[in-house]
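K.L.:
Each chain, written out:
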Amino acid sequence: MAPAERLDGGAEVRLHELTKTYGAVVAVRDVSLTIAPGSFFTFLGPSGSGKTTTLMMVAGFVHPTRGELFVDGAPMGGRPPQKRDLGMVFQSYAVFPHLTVSENVAFPLQVRKLGRAEIDRRVGEALELVRLRGYEQRLPRQLSGGEQQRVAMARALVFRPRVLLMDEPLGALDKKLRTHMQLELKDIQHRLHVTVLYVTHDQEEALTMSDGVAVMRDGRIEQVGTPSELYEAPASRFVADFVGDSNFLDATVVGPAPAGGWLCRAPGGLEFRGIGAGSLRTGQAITAAIRPEKLVPAEEAGGTGPGPGHNVCKGVVEEAIYVGDATRYRVTLGPEGSLTVKLANRLAVRPLTPGATVALAWSPDETRLFPRSEA
Amino acid sequence: MSVAERRETLRYVLLLVPALLLLLVLFVYPLSGIVNRSVYKNGYTLDAYRQIVGVPVYVQVIARTFRTAALVTLLCLALGYPLAYRLATLRPRTARLVMIVVVLPFFTSVIVRTYAWMVLLGRTGLVNQSLTALGLAPGPLPLLYNQAGVLVGMTYVLLPYMVLTLYSVMRGIDGALIRAAYGLGASRLQVFRRIFLPLSLPGVAGGTLLVFILSLGFFITPALMGGPADMMIAMLIEREVEITLNWAFASALAVILLALTLVGFVGYNRIIRLDRIFEARG
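Residue numbers (numbering that gives the first Met the number 0), protein chains in the order written: chain C, 0 to 374; chain X, 0 to 281.
Bear in mind the hints are in silico, worked out from the structure with no lab data behind them.
Treat the hints loosely; a few may be bogus.
[Stated by the list, open to error] To give a feel for the contact side, a few chain C residues facing chain X, derived at Cβ under 7 Å:
no. : residue
1   : Q81
2   : S91
3   : A93
[To be verified] Cβ-Cβ distance ranges computed for the label pairs, FRET-style:
no. : chain 1 : residue 1 : chain 2 : residue 2 : range
4   : C       : L176      : X       : P91       : 52 to 62 Å
5   : X       : R6        : C       : D210      : 19 to 29 Å
6   : C       : G333      : X       : A3        : 48 to 58 Å
7   : X       : S1        : C       : R78       : 32 to 42 Å
Note that beta-carbon positions come from the ideal geometry of N, C-alpha and C, so glycine has one too.
The following block holds chain C by itself, in its conformation from the complex (with noise of 0.2 Å):
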């Protein structure tokens, strides 16, 4: 095992109100966050959203219209990329192709000037690190997608930087392989305690990856949260559909519950709970969001039937979808229109046939309310 030298930590990495303007389009807006040292911090959006451009604020390769950039403190602002010290991964690895393996890791440290001993040395360690040792002398053109990403990833880390920014780094692999990186790249995270900021328009891979998830649409932040925040307590309709799968129901708010949250009413009659995502009041119109595993049969939910607070609708199976660890139904339920719902392949439980009627129950708790004119 490669001597893999911990960083002192990675560095704490803050930003305030960035801001980027292209002419009168606004590309990333008021952006502020502060991302712990050592944690993997992810941006996740569509194309589009802006995190690659914010990511790109802090690799320095786009100036600000506004804000600030500090790591450890240190403002960025006006420090060109070279002077930066961070660690950058591209999409397209921009591995350069007329030097080998070992001149690719070694380029950082030749251009600070290292001796030829400690070069040697760091090298071998870098390329232990990403496993790649006995590749050396290889070209680029030589190496499989994996591992020219290797090549990306131990050149950006050969020379200690306190910070690594990721662009999709992942984005042109195959599933396998790229559910394969992503362990790996994980595992290199937390030997070396580096601080990642990362870039994915792919939540699964956010949602697996992250310590912390900044979920961007339209150049500003949705929301800010550990990945099971995101999934179980989205603060838009936005991040309920982005991250991950969600069923919508439109309703109106009927008002309070006695037991907690807001009863809701759907056009087709059906009552429920839920909580709401920011302040709700009586009459207005809201959307609701349930995750289709959250939704069981009626029998099961309980052993004997749903608990005393749990929301219960009734429709009839429309069709079964096999995704292999589980089934997904569609279920209709009538001017309300239909829920996905998705169970588990188990043997304890009973999958549903189609063309049968059938009584879902969910928890209140499940039931994320947001106001509907937010789109």
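Let chain C serve as the given structure and place chain X on it in line with the hints.
P.N.:
For chain X alone, coordinates are given in the frame of chain C:
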């Protein structure tokens, strides 16, 4: 090779057929005529070649042709590389505008442009008048009808070829590589020397080769802007065809020019390894 692969190959070969036919009819056939004529004068003979090798003047002309071509190539590279580099780093829209300026000379004939230079460089031309007026030269400098004139004229005409070749390669360099180099801590000079320059070498190789080969066969500019002592091989061929009507001799000169060009190309490929450079990209 599978059947599918073989069909794929066949398709590419078919696509080559028109070009090959064109080359065959318009290049190989006339060329074989020239080769034939160079060794046939009332029966097969190598007299023409013997004459070229035997008379020092002819050897000198050939040597001068290569020397001039090499100098022009170096001048084009020295002037063209910084220009292409600047162009490649400009925003695409601005770069396109500047590029129009670079290729604008192509819209006028070489003869007109060469005459323009003659007007500029003549004894009473703009350049000499300015230099004299500013007191930078005691009198008119000999800028025309000598090697300086030939070099200026040829470099001017051939510069766009160099710039275009360099530019296309430089534009093709992935910007992420440059950003990566900066991100890894390299200074501007280090990024240029270690990353940009090596990656632009295919352009340097292609551009210098193109300009050098074009220079070897140059006729109008050296004929108009050079003196009697600056005769190049193309001018010699023209004289043999037009004035002395010694077609066998002219053909032999043409064959020698072609052969030397090929030898130069092979030698260049040996040193620069064009194939490897072009393969190493991306």
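K.L.:
For each hint, tell me whether it holds in the structure or not.
P.N.:
Status of each hint after checking the structure:
| no. | hint | in the structure |
| --- | --- | --- |
| 1 | Q81 | 5 Å, holds |
| 2 | S91 | 5 Å, holds |
| 3 | A93 | 4 Å, holds |
| 4 | C/L176 to X/P91: 52 to 62 Å | 34 Å, violated |
| 5 | X/R6 to C/D210: 19 to 29 Å | 54 Å, violated |
| 6 | C/G333 to X/A3: 48 to 58 Å | 54 Å, holds |
| 7 | X/S1 to C/R78: 32 to 42 Å | 56 Å, violated |
Consistency note: the structure conflicts with the earlier hints numbered 4, 5, 7.
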